[in-house]
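Taken in sequence, the protein lines are chains A and B. Mapped onto the numbering used here, the consecutive letters of the first sequence carry residue numbers 1 to 419. Mapped onto the numbering used here, the consecutive letters of the second sequence carry residue numbers 1001 to 1498.
Simulated from the structure, these hints should not be mistaken for lab results. Just so we're clear, the structure is a prediction, and the values are computed from it rather than from any experiment. Do not take every clue at face value.
No farther apart than 35 Å at their CA atoms in a straight line, the calculated lysine-lysine pairs in the DSBU-like style are these [said to hold, decoys possible]:
id, chain 1, residue 1, chain 2, residue 2
1, A, LYS181, B, LYS1104
2, A, LYS14, B, LYS1433
3, A, LYS181, A, LYS302
4, B, LYS1017, B, LYS1104
5, B, LYS1433, A, LYS94
6, A, LYS392, B, LYS1278
7, B, LYS1161, A, LYS264
8, A, LYS392, B, LYS1433
9, B, LYS1329, A, LYS181
10, A, LYS181, B, LYS1278
11, B, LYS1325, B, LYS1278
12, A, LYS302, B, LYS1104
13, A, LYS94, B, LYS1104
14, B, LYS1325, A, LYS181
15, B, LYS1329, A, LYS392
16, A, LYS94, B, LYS1312
17, B, LYS1104, A, LYS318
18, A, LYS181, B, LYS1017
19, B, LYS1278, B, LYS1433
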Amino acid sequence: MTPAIEQLARHRPKSWEDLLLLVHTAHELQTPLFPVGAESAFFTGRQLPFAPLKGMLVDMTAFDRIIDYPAEEMTVTVQAGITKATLDRILATKGQQLPIDVADPDRATLGGMIACNASGPRRFGYGTLRDYLLGIDFASAEGERIHGGGRVVKNVAGYDLMRLQIGALGTLGLIAEVTLKLQPLFPDRRALWIANTDLPLAECLDALNETATRPVAIELVDHAAATTLELPWPRDSSWGVLVYFEAPCDTNQWQAEQLVQEMKSLSLPTTVIEPSLAATLPQRLCAWRDLEGTADNDSLVKVTVLPSDLPSLANGIKERWPQAELTAHAGNGIAWVKFPGCWENVGDDGKDFSRLLARYEHSRIEILRTPGSGEPKQFPTGRPCIPPPAWKMMKELKRSLDPSDLFNPRTLFGSSVDG
Amino acid sequence: MTSAAALTPSLVQSLQKIVGASHVLTTAGDRLVYECDAFTIERQVPDVVVLPRTTDEVVRVVQCCHEAGIPFVPRGAGTSLAGGTIALGGGVLITLTRMRDIEKIDLRNRYAIVQPGVINLTLTAALAGTGLHFAPDPSSQGACTIGGNVATNSGGPHTLKYGVTVNHVIGVEMVLPDGSLVQFGGPLADSPGLDLTGLVVGGEGTFGIVTRVWVRLTRNPPAVRTMLAIFDSAADCSETISAIIGRGIVPAALEMMDELVLRAVEEAFHFGFPLDAKAALIMEVDGLEQGIDAQADAIRDIALEHHARSVKLAADDEERMLLWKCRKKAFGALGRICPSYCCQDGVVPRSKIPQMLAFIEEVSQRHDVLIGNVFHAGDGNLHPILLFDERDKGQVERVLAASHEILAQCIALGGSVTGEHGIGIEKIDFMSKLFSRQDIAWMQRIRTTFNPSGRCNPHKLLPSGGHCVETSGHPTTGAQAAAPSPPATKLAAIRRAT
Chain A
1 MTPAIEQLAR HRPKSWEDLL LLVHTAHELQ TPLFPVGAES AFFTGRQLPF
51 APLKGMLVDM TAFDRIIDYP AEEMTVTVQA GITKATLDRI LATKGQQLPI
101 DVADPDRATL GGMIACNASG PRRFGYGTLR DYLLGIDFAS AEGERIHGGG
151 RVVKNVAGYD LMRLQIGALG TLGLIAEVTL KLQPLFPDRR ALWIANTDLP
201 LAECLDALNE TATRPVAIEL VDHAAATTLE LPWPRDSSWG VLVYFEAPCD
251 TNQWQAEQLV QEMKSLSLPT TVIEPSLAAT LPQRLCAWRD LEGTADNDSL
301 VKVTVLPSDL PSLANGIKER WPQAELTAHA GNGIAWVKFP GCWENVGDDG
351 KDFSRLLARY EHSRIEILRT PGSGEPKQFP TGRPCIPPPA WKMMKELKRS
401 LDPSDLFNPR TLFGSSVDG
Chain B
1001 MTSAAALTPS LVQSLQKIVG ASHVLTTAGD RLVYECDAFT IERQVPDVVV
1051 LPRTTDEVVR VVQCCHEAGI PFVPRGAGTS LAGGTIALGG GVLITLTRMR
1101 DIEKIDLRNR YAIVQPGVIN LTLTAALAGT GLHFAPDPSS QGACTIGGNV
1151 ATNSGGPHTL KYGVTVNHVI GVEMVLPDGS LVQFGGPLAD SPGLDLTGLV
1201 VGGEGTFGIV TRVWVRLTRN PPAVRTMLAI FDSAADCSET ISAIIGRGIV
1251 PAALEMMDEL VLRAVEEAFH FGFPLDAKAA LIMEVDGLEQ GIDAQADAIR
1301 DIALEHHARS VKLAADDEER MLLWKCRKKA FGALGRICPS YCCQDGVVPR
1351 SKIPQMLAFI EEVSQRHDVL IGNVFHAGDG NLHPILLFDE RDKGQVERVL
1401 AASHEILAQC IALGGSVTGE HGIGIEKIDF MSKLFSRQDI AWMQRIRTTF
1451 NPSGRCNPHK LLPSGGHCVE TSGHPTTGAQ AAAPSPPATK LAAIRRAT
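Next comes chain A alone, as it looks inside the complex (with noise of 0.2 Å):
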């Protein structure tokens, strides 16, 4: 816990009483509030430097009830401050899940993912927090208990809150319950992982989009992240590819098979991951790409391209900048990168990036990270590089709805939605 941090009172409701009280007198004294659950993702969007002169900490972790499992429906109304782990064992033991990969599953709490609109490699197969919130509780910045969806699959009664709480940061609201679409739990899990040798990456990813086989994740590797994640690196290899399966167990089997047939032809050697290791996989890349599991002398950004830019956008990369790291979702066009210092020194000030990005008619770069002077780690976001249009309605959102600017002021929006 950081020191900006450690001088804000905490308040841990445990009641929708609570919080609603708690929200309101913030209100009323025009108290910031900065919703926390295990404080894993803490810092994500927020402008630096986190020193603000008053706010309190709202710890959601006593709100970590199931409010109802109906299992043979395959949902779940869960309250929002529940681990990932809690839930995943609940789910588990009537053979479901929710298929979202997290860094740290037993300190992500669902609030926290569904603002920060977590997901990782199993993405690709199965989507996103998007596609699994039927409907949503939270406190809205007057103290007032707001409802959203419902708790059955299917529903477009109401504007989709969901959605508008997902990915904003908590800037919205404070979520307190959901409820969940859940998926079939498959216990049989098989990661295949091919070394790219001489083959053009564009070539492999391209054969990986039209395989026979049906995918949960397409994962990109550099040697670096290989030897992070205790993945063999064939000598030769330039890349590394995971492909992730679940299903049932003789369909998964064929899959293997099949893909170890297709990368056969074009002479891409591919070998089955370990199953122990097989299960971590996506948890552990999702910690490679954690604020938290990067150096605190590295820089982390995030660039998003097509799939199809992507081969060369990872080769370009490479070539420019040997020492950084590499992993993608190769399915998605997005990838994760790491410099060795600060964002400032990769080439004329990230310049020499933004020049590499111009070849494509679509990308996006978001600075996740960058080391500092001062403090020990410092992660500057600035405004996301979302066009002026869409900027200015949910800046106007954001005063509709937060007009104190209530809730975790300074992330996304800057400061008094001036940003």
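Knowing the structure of chain A, use the given hints to seat chain B on it.
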């Protein structure tokens, strides 16, 4: 909403200059075509109908309306079953059916860019042979537009496995009510900031007019097995549904048709449905060839455990397509029984389907209204179809009362009043039963942020305040649906207010 101005000749001329005179409909006869959509109980002839061809034309038309202070309503093909495209209070109806270009198909990156007037099925047809399709497949897909799908967050039979429209829309371009243009999302994953794409989908055209949509394309499943189970009792059929889901099987589709519907579709399409059957269940699984037969067998066994008289696998694609034709055109087939229908769209937890069907039967008898059921059983999304003759005032009243009871029961069983058709006008009175005053006020703040004057598609989705019961005028029949109990329409009150 601030008071609306009246349509003036100079405004009409301005509109004609923007889109061309032939695309501005002013005669009574032309405008009458647009007096209602598929929700025929409410009707209101718009003051003028405009058919733009490009985003720029939409921008300029909306700017005109904004400057003139006149309300406007977006419309696609008019297949809304909730009155979402009726020009309540008059104003300009902006019909987007001329904006029907598929602007881009990117097969490698699995997305397409389409104009809002593209017909849903046209998009999938354009993808034939590519190995991809657009997953949302409402039964009206041969007529409904992508823009309309976006507005109502449309579903269809295959949403059980593939999700609804919002799961397949990654960006929208929209003309805001002040005429400014904005884009939310796009072809790149993880748009930063607020998910306004997700908010706009299902917004029922109350935030602005969508002029471009980025849609995600889905790989075709390598294998499909479609089965038809015949039951001698609707209860057995509906219990099969919850048993399948309860065992952790997620089929591609589970669609139920009851006796009344079966007779109508058999007469229309001659599939071979047994006319003494009480219910039929279309059960479809898809995925890899490896393992699909095991899944199909498991579902078949569940149906037989629940006393299915027979379970037959569609022999070939032709039989499969005919079976789906029967399902998707069932509404139209019911036209053989009665001249009008009102289709409800309630949702209940799947385990409550048997209870709900029994309730619908009881309502049917008590109100003396013929009701057929054809619906997305796997989602719990019911479509009771209330049959009537709209020329008979008494029947209209009974249909409204029966509809109200059915939707109220859906809420009582923990469900919702709309799974895919939207609130529109039809179900506005139920919003206060689903949401608190604070919830609705919060939603209103969202709407006001996009639509400060309230002139973009007014009187839809959110109650405008107060819960008074008004009577509705019914221009074509002269019937007055005096509604001592909800859902009464607000048409008369709106007319008074405007």
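> Against the structure shown, which of the earlier numbered hints fail to hold, in ascending order?
Replying inline: 6, 13, 15 and 18
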